[in-house]
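Chain by chain, the residues:
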Amino acid sequence: MQNFIPAQTGLNHETELLIKQSREGACGVDLPNVKEFKLKTGQNSREKIGLAQVNEPQVIRHFVRLSRQNYSIDAGFYPLGSCTMKHNPRLNEKMARLAGFADIHPAQDESTVQGALELMYNLQNWLGTLTGLKGVSLAPAAGAQGELAGMLVIKKAHEVKGQGHRKIVLIPDSAHGTNPATAAMCGFEIKVIPSDADGLVDLDLFKKLVAEHGTNIAGTMITNPNTCGKFEKNIIEIADLIHSVGGYFYCDGANYNAIVGKVRPADIGVDVMHFNLHKTFSTPHGGGGPGSGPIAVREELAEFLPSPHVEKIGDKYKFAKPKNSCGKVKGFNGQFGMHVRALTYMLSHGADGLQKVAEDAVISANYILAKLKNNFHVPFPGNCMHECLLTDKIQKAKGLSTFDIAKALIEFGIHPMTVFFPLVVQGAMLIEPTETETRESIDNFINIMLYISKEIEEGNGDKFHQYPLSTPRKRLDDVRAAKTPVLTWSELQ
Amino acid sequence: MRYLALTENDRKSMLAEIGVSSVNDLYDAVENQFLLKNPITGLPLHQGEIEVEKILQEFAKKNRPASSGPFFLGAGCYKHHIPSAVDHLIQRSEFLTSYTPYQPEIAQGTLAVIFQFQSIISLLTGMQVSNASMYDGATSLAESCLMALRIKSGKKNIAKYNDVNPDYLDVCKTFLDLNSAKLQDKIDEDCAGVVVQYPDFYGNIPNLAEVRKKCDEVGALMIVVVSEILSLGLLEAPTQADIVVGEASSLGVGLNFGGPLLGFFSCKKEFVRQMPGRICGATIDADGKLGFVLTLNAREQHIRREKATSNICSNQGLCATAFTIHTSLLGEIGYKKLALINHQKACEAYEILSKIKGVKVLNENFFNEFTIEFSKNAHEINQKLLAKNIIGGYCVDNKMILAFSELTSEEDIKLLAKELSTILN
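These protein sequence lines are chains D and X, in that order. Per numbering that gives the first Met the number 0, the very first residue in the first sequence carries number 0; after that it's consecutive. Per numbering that gives the first Met the number 0, the very first residue in the second sequence carries number 0; after that it's consecutive.
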């Protein structure tokens, strides 16, 4: 005891894994005792599981302490490009917890869940009206599943038309990894469209690919605005080209926040698109999920949508399976809890507010671009949409990379932007401020970026190699984690 | 509008700094005819909390919550009591409003939760490794079939050993079709994997040793799917399996009209590099302190693109957090006890219902769910129960699958028995 020196933690408390805090006999719930009875499992009852034994105060303290080791949008600026980390309204959370939504079973008789079906029907209508794509399915569980469902619709449409031989999908090199992964899952063959000097789909090469593969093309998957932060200015020509050979235009809606209420995707030739309700429509990211990835398609493709889909017959709502459905992609009815949150958000903003969302997101990104363009390399000319793309080219000459800039931002209290993506430029930094950040907060970020740039410029950047220093953990050893994977507490010595 | 952070003055001065006169100038890449200058018509304009809340309340009122009367539905989605601490903790901003933990220095909270989630799933299933979660049991099973096809690359089909949740099978079919793989009943040399639901869709508990033997005879992987994870607090762990997947939403997550739920995915360690989804691993930081990171990323879409093991990106992070908190509260003692209580409730119901004339109980063994059969269509009987404010079981032809839990009261069971007896006799 005499040698005991307390750790100087202040408010930065540590907490051990619960298994290390386990004490024989502790339990965090009180359950009634069970009288002896004969089991009807046909087995002996399980002996040991190996779970921790802790009580409620321990559990609360453990998770509260853990939570304090996380950055969050509620606590600070989170400009992750193509991730749309916007404010998550608490009204959404309150509504999703109403017993009439949270406490209903997916197999209940439809007469007992008319309100839930009506809500889904309304959400379908919102998404259809915003995009001009009238066939909507809420079934997909997340963006990647929306992509899958969308590509299944395209596949099915070709098959039904006797065009099942179409195996080629054209995807830009700036696309999210989920695009090629999804197309491959569907059995398509991917042809990569290179980007041009403006960060757009190279139109000449696109034409060449279309001419080369012609009627073997199933479609193209294009993110618009793209991940270089640009609106594809040749989009009408691209859509016409793909349609000219009988292919479909799939739009990845990850960046829809830039154009919601400003551009109707149907007007620019989109046939199928997915939404990330957890991006554009403010449902929380929850440290990785749940998301929700509805899709909208042109009316003539609606018969191929995944099931279920909500229809209104008379004054009754019911689940229906589209005539030539591409099948089921998720169990039950999709991420209904996210549907409640997204509709709450849409009703709060209204058509007018959603348009402002896009405009403000675009203003804020361009403002950052204008303020940083003299200090960081801007790979593509012109203004941006709701995110701006910079690279580390200037800083690299002084020995510091995007990685170091990201870690320096952490030290200065900002969550880094998306780094090393898109892959079309070296050392990418993709910055998406969203419409929910005040000008003061954006200015603070700009000042920090300018400070980092100045320090590097003046030869004082070496310190950033060690950053972050003030975080619960310093730089972590990824190589060690991958080389000898320790994936459970049982493996932890 | 309350969620917008810029004032009109901010917009003006920021546009001036950018060097344009109007926000529409920033949309110069959009052909003018397609740029909407006014809000889209046919949709309402913005509203305050009071108005929006009212609209949502109206929708909610038209639904009949499970807690508002006797309730016996299960079939892949189970209602249990969720301790108050769970919802309180998952609503903490730091869990609710953080992104996927790609920057580990400021995401140790989420990462430590995932690590404990993986540990708990592995203990429950008897597998060595688990991933950070999948969308739900159905997609988790579909992904496990694809994984079996990857590992046993010479084989082209998947077999099912017993009655698997039809919703899961629908989703599996969508995924298997893409690989030109069939889901068959026959277990033969063509099978990369054999799926066994434990307990099965009708509540029966299969003999897993027998399944293992059949898998070995044809060189197939054994895939166990569990749709009620609480059952693993009473039943033997499916250690014979190669892959154990399923649904974990019964703890911490709740019904949510079928989503969000919580898929889990666990397997033997030798297959870890074929797993879909995110995985968290332990490591050390620059000071040698224990910490966590996302690891084995070379399987995933953001690195491998079209060669990834799956296209999954977002998972069910917050649901996994809720599960981890609920399971931690239960702990070794509570988990087993809750499972036992669930079984006991089902046993009580079994005794009472099997005495009713016109009811035949089909199960010899079960966990918290079993199937009864009538001489007429079960849907019609269910409608009559509904008229008495009882939500009956899941109906398949003349069969009704009934689920029981710690929330089922003795009165609920007696009321169900009384009404069934009236309807049938």
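Just so you know, these hints were derived from the structure itself, not from any lab. A hint or two may mislead.
What the hints assert, rightly or not - Covered stretches of chain X (in silico footprint by chain D; criterion: 3 or more residues with CB under 8 Å from a CB of chain D, positions within the stretch not fixed): (1) 57 to 70; (2) 353 to 361; (3) 378 to 387.
Unchecked claim - Some, not all, of what chain X presents toward chain D, calculated at C-beta under 8 Å: (4) 162; (5) 169; (6) 204; (7) 233; (8) 288.
Fair warning: this is a prediction, and the values are worked out from it, not measured in the lab. Ideal placement from N, C-alpha and C gives every residue a C-beta, glycine not left out.
Checked hints:
1. Here the stretch 57 to 70 of chain X counts 12 residues with a CB under 8 Å from a CB of chain D, which clears the bar of 3, and the coverage holds.
2. Only when three residues or more bring their CB closer than 8 Å to a CB of chain D does the claim for the stretch 353 to 361 of chain X stand; here the count is 0, and the claim is violated.
3. As drawn, the stretch 378 to 387 of chain X meets chain D at 3 residues by the rule of a beta-carbon pair under 8 Å; at three or more, the given contact holds.
4. Hint on residue 162(X) is violated. Least Cβ distance to chain D is approximately 16 Å, over the 8 Å limit.
5. Checking residue 169(X) against chain D: minimum C-beta separation of about 4 Å stays under 8 Å; hint holds.
6. Interface restraint check: residue 204(X) against chain D, minimum CB-CB distance 6 Å, threshold 8 Å, status holds.
7. Annotation: interface hint on residue 233(X) holds; nearest CB of chain D at approximately 5 Å, less than 8 Å.
8. Look at residue 288(X): its Cβ gets to within about 6 Å of chain D, closer than 8 Å, so that hint holds up.
The structure does not agree with the numbered hints 2, 4 stated previously, though it agrees with the rest.
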